[in-house]
Amino acid sequence: MVSPRLSTRAASIRAARSDRARGAGLRTKDLAYVAVFAAIMVVLGLFPPIAVPFLPVPVTAQSLGVMLAGSIIGARRGALAMLVVVLMAAVGLPVLAGGRGGIGIILGPTGGYIVGWVFGALVVGLITERVWRHYNLGWAVLANVVGGIGVVYAFGIPWTAVVSGLPLLPVAAASAIFLLGDLVKVAIAAAAAVAVRRAYPVIEAAPQRA
Amino acid sequence: MLVGAGIGLFLVTDARVLGAALLVVVLGFVVARVPWRLAARQVTVALPFLVVILVVQGFVGGWSTALVVGLRIVTLLALAGLVTLTTRAEALIAVVETALTPLRPLGVRPERVGMVVLMTIRFVPVLREHADGVRAAQRARGVERSFVFLTPLLVKTLRTADGLAQALDARGVDPGRAQR
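Residue numbers (my numbering), protein chains in the order written: chain A, 6 to 215; chain B, 104 to 283.
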């Protein structure tokens, strides 16, 4: 039961290494992982968004998907999964919270958060890969706070301010409402990421760079 | 086209032009015979945010700017809704593939992107099935409401993804690779 899986894992790591050596792209398996996490974003989007007073940005379950993608399939695949979601939203598929979609939403006041997902998942993944060998709950929380909250807000807040024509500081202050919910999501994502790493690790540790 | 329209709407600051654009989109809904309730939903889902933006904008930047911003957002939402409602998913995926073709020199292989989008759509019901399965398994063990729900769901789904990838590889289905 154990040995065949171990051998396929070893084979897949070898395949990944040779892919990386050739500078080549993604294996079919990577594409499937990307699709899984893009689908998780779509499913999380089915939870109805909660409107927040004084701010044109809804609280959604989808930021959980950003954190999970970065923490479980890593920087490159995680960011690609988010990119797929953005792409699907852009052509009008109803993949955003509450069955929304369309380029209008990406260009609208909440668009920065959506674009921020891509970079958020990337940063979560980069941190996760860097500490993969001694990954634990603490690192998981750190990675998700920095990438899943910090980076996403860094795109979302200025974007909201520009598109809705509101001054930056009040928008930033009002966004603090999201912090509580997002911290809960960080906790959920971190716990799941640590458990999945133990049960079914997907990320390969970042190679030590000189 | 939609992107172009979106950017175009951002450049227009005249409320009358925006009103005309909205009228054209509404006409589109009529021509496509979209039930009016469904059509209205395209815009009303965003209504709370819209109201907030309008009120705040009105106080900060004046009511005429608020009108322009509001009209712009409503028009964009309606247009995006119209395109989504009148186009089938396969057609949208074809659009994605066509739109990405110019990026081919950068290493983007549109066929693979199209495949990932298809897989994503396919995985949505799979996730639901797995969620039901995990819940049933937990109930069978007498766990009524478990905090540990996400982990088995994720592991199960990652396994399915592995299986799918192996099946695709075994059948030689990798449009990007075949084309090289």
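Keep in mind the hints are simulated off the structure, nothing from the lab.
Wrong hints could be hidden among the right ones.
[Said to hold, decoys possible] Sample of chain A residues with no beta-carbon within 12 Å of chain B, all distances over it, derived:
id, residue
1, V47
2, L69
3, F124
4, L131
5, R135
6, V146
7, V150
8, G186
9, A210
[Said to hold, decoys possible] Label pairs and their calculated CB-CB ranges:
id, chain 1, residue 1, chain 2, residue 2, range
10, A, V151, B, R207, 33 to 43 Å
11, B, A270, A, G143, 36 to 46 Å
12, A, F52, B, L221, 44 to 54 Å
13, B, L126, A, L147, 37 to 47 Å
14, B, V246, A, V167, 43 to 53 Å
15, A, R138, B, G210, 41 to 51 Å
16, B, Q269, A, A177, 29 to 39 Å
Ideal Cβ placement from N, Cα and C applies to all residues, glycine included.
Checked hints:
1. Under the 12 Å C-beta cut-off, the non-interface status given to V47 of chain A relative to chain B is violated; the minimum distance is some 5 Å.
2. For L69 of chain A, the shortest C-beta to C-beta distance to chain B comes to about 9 Å, within the 12 Å cut-off, and the non-interface label is violated.
3. Every Cβ of chain B is farther than 12 Å from the Cβ of F124 of chain A; the closest lies at roughly 18 Å, confirming the non-interface assignment.
4. With a cut of 12 Å on Cβ distances, L131 of chain A stays outside the contact zone with chain B, its closest approach being about 20 Å.
5. The claim that R135 of chain A is not at the interface with chain B holds, since no C-beta of that chain comes within 12 Å of its own (minimum 22 Å).
6. No beta-carbon of chain B comes within 12 Å of the beta-carbon of V146 of chain A; the shortest separation is about 16 Å.
7. The beta carbon of V150 of chain A sits about 18 Å from the closest Cβ of chain B, which is more than 12 Å, so the claim that it is off the interface holds.
8. At the 12 Å boundary, the C-beta of G186 of chain A stays outside the reach of chain B, the nearest C-beta of that chain being 16 Å off.
9. Every beta carbon of chain B lies more than 12 Å from that of A210 of chain A, the smallest distance being close to 18 Å; the non-interface claim holds.
10. Under the hint 33 to 43 Å, the C-beta atoms of V151 of chain A and R207 of chain B, about 34 Å apart, fit the expected range.
11. For the pair A270 of chain B and G143 of chain A, the beta carbons lie near 38 Å from each other, so the given range of 36 to 46 Å is met.
12. Roughly 24 Å separates the CB atoms of F52 of chain A and L221 of chain B, a value that falls outside the hinted 44 to 54 Å.
13. The given range of 37 to 47 Å is broken by L126 of chain B and L147 of chain A, whose C-beta atoms sit roughly 52 Å from each other.
14. Take V246 of chain B and V167 of chain A: their Cβ atoms lie about 48 Å apart, and the range 43 to 53 Å holds.
15. Separated by about 30 Å at the C-beta atoms, R138 of chain A and G210 of chain B break the suggested range of 41 to 51 Å.
16. Distance hint check: the CB atoms of Q269 of chain B and A177 of chain A are about 47 Å apart, inconsistent with the given range 29 to 39 Å.
Violated hints, listed in ascending order, are 1, 2, 12, 13, 15, 16; each of the other numbered hints is respected by the structure.
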